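S.K.: Let the sequences and hints guide you as you build the complete structure.
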Amino acid sequence: MQSKWSYLKPGAIRLRKLGKSLPYVHKKLGIPKSTLSYWFKDIELTKKQKERLHQNWKNALVTARKEAAKWHRAQKAQRLETARTEALRTLERLNISDNDTLEIALALLYLGEGSKKKVETALGSSDPKTLLFYVTALERLYGVQRDTLRCQLYLRADQDADKLKRYWSRTLHMPLSCFRYVHHDTRTVGRKTYADYNGVCSIAGAPVAIQRKLVYLAHGFLDTIIENQMSG
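The sequence shown begins at 93 in our numbering and counts up by one.
Bear in mind the hints are in silico, worked out from the structure with no lab data behind them.
Just so we're clear, the structure is a prediction, and the values are computed from it rather than from any experiment.
Each statement offered as a hint is correct.
Simulated crosslink set (DMTMM-like; lysine to aspartate or glutamate; CA at most 25 angstroms straight-line):
| # | residue 1 | residue 2 |
| --- | --- | --- |
| 1 | Lys221 | Asp254 |
| 2 | Lys284 | Asp252 |
| 3 | Lys168 | Glu178 |
| 4 | Lys109 | Glu136 |
| 5 | Lys112 | Glu136 |
| 6 | Lys221 | Glu184 |
| 7 | Lys112 | Glu159 |
| 8 | Lys305 | Glu195 |
| 9 | Lys221 | Asp277 |
| 10 | Lys210 | Glu195 |
| 11 | Lys257 | Glu205 |
| 12 | Lys119 | Glu143 |
| 13 | Lys208 | Asp192 |
| 14 | Lys255 | Asp288 |
| 15 | Lys257 | Asp277 |
| 16 | Lys208 | Asp277 |
| 17 | Lys257 | Asp239 |
| 18 | Lys305 | Asp192 |
| 19 | Lys109 | Asp134 |
| 20 | Lys209 | Asp219 |
| 21 | Lys119 | Glu159 |
| 22 | Lys305 | Asp239 |
| 23 | Lys221 | Glu205 |
| 24 | Lys96 | Asp134 |
| 25 | Lys221 | Asp239 |
| 26 | Lys221 | Glu173 |
| 27 | Lys125 | Glu143 |
| 28 | Lys221 | Glu178 |
| 29 | Lys158 | Glu173 |
| 30 | Lys120 | Glu159 |
| 31 | Lys101 | Asp134 |
M.R.: Structural data, given as structure tokens:
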């Protein structure tokens with residue numbers, strides 16, 4: 093029984109002998125790839141034709157990868173925008189002027205990042221926004237004055253202590269006199285530091301009573317949420 097594609101066979105054979113790829117012929121003539129594969133099995137391409145087909149395949153692969161990467165970037169951007177929008181909606185529902193909300197936020201931050209072993213309230217981070225929130229919350233909730241706090245910087249070996257003291261002083265709106273101690277990590281000698289890394293700043297000096305309340309508050313809040321969820 094003659095194939096319904098038989099009348100296209102001469103044209104397909106001609107294209108193949110010109111060095112066209114099977115996908116190209118399939119797309120141009122609409123003939124099934126399985127049929128083309130059978131027709132082309134005895135056609136031997138020249139070395140030059142094979143090299144050109146291989147190069148075309150590599151070029152197509154590069155293009156496909158670029159398109160895939162572009163698609164993934166677009167999808168990621170969309171997911172990030174969705175996350176940002178949902179976060180803003182949550183923030184809009186919060187009463188940020190409520191000190192109880194602020195204290196819960198501070199307590200959870202302190203439970204994760206603050207010092208619990210020393211007899212003082214202290215917290216360290218390399219993130220300026222985290223530390224600015226910390227000192228702002230201490231000031232608003234407990235009346236802790238920034239100039240009564242003391243800061244210690246933990247820097248890499250190649251970082252300039254005086255320059256970073258000024259940086260953290262400006263960023264945290266704290267007097268330069270608060271930045272008395274600097275520790276350089278000798279393990280990093282010979283390794284270049286990223287330009288946007290400003291070391292770790294540890295802020296101490298607030299009364300230990302604040303630490304105790306924050307830790308109890310954080311644990312109590314977590315226990316309440318967990319118990320309510322489990323009992324529900």
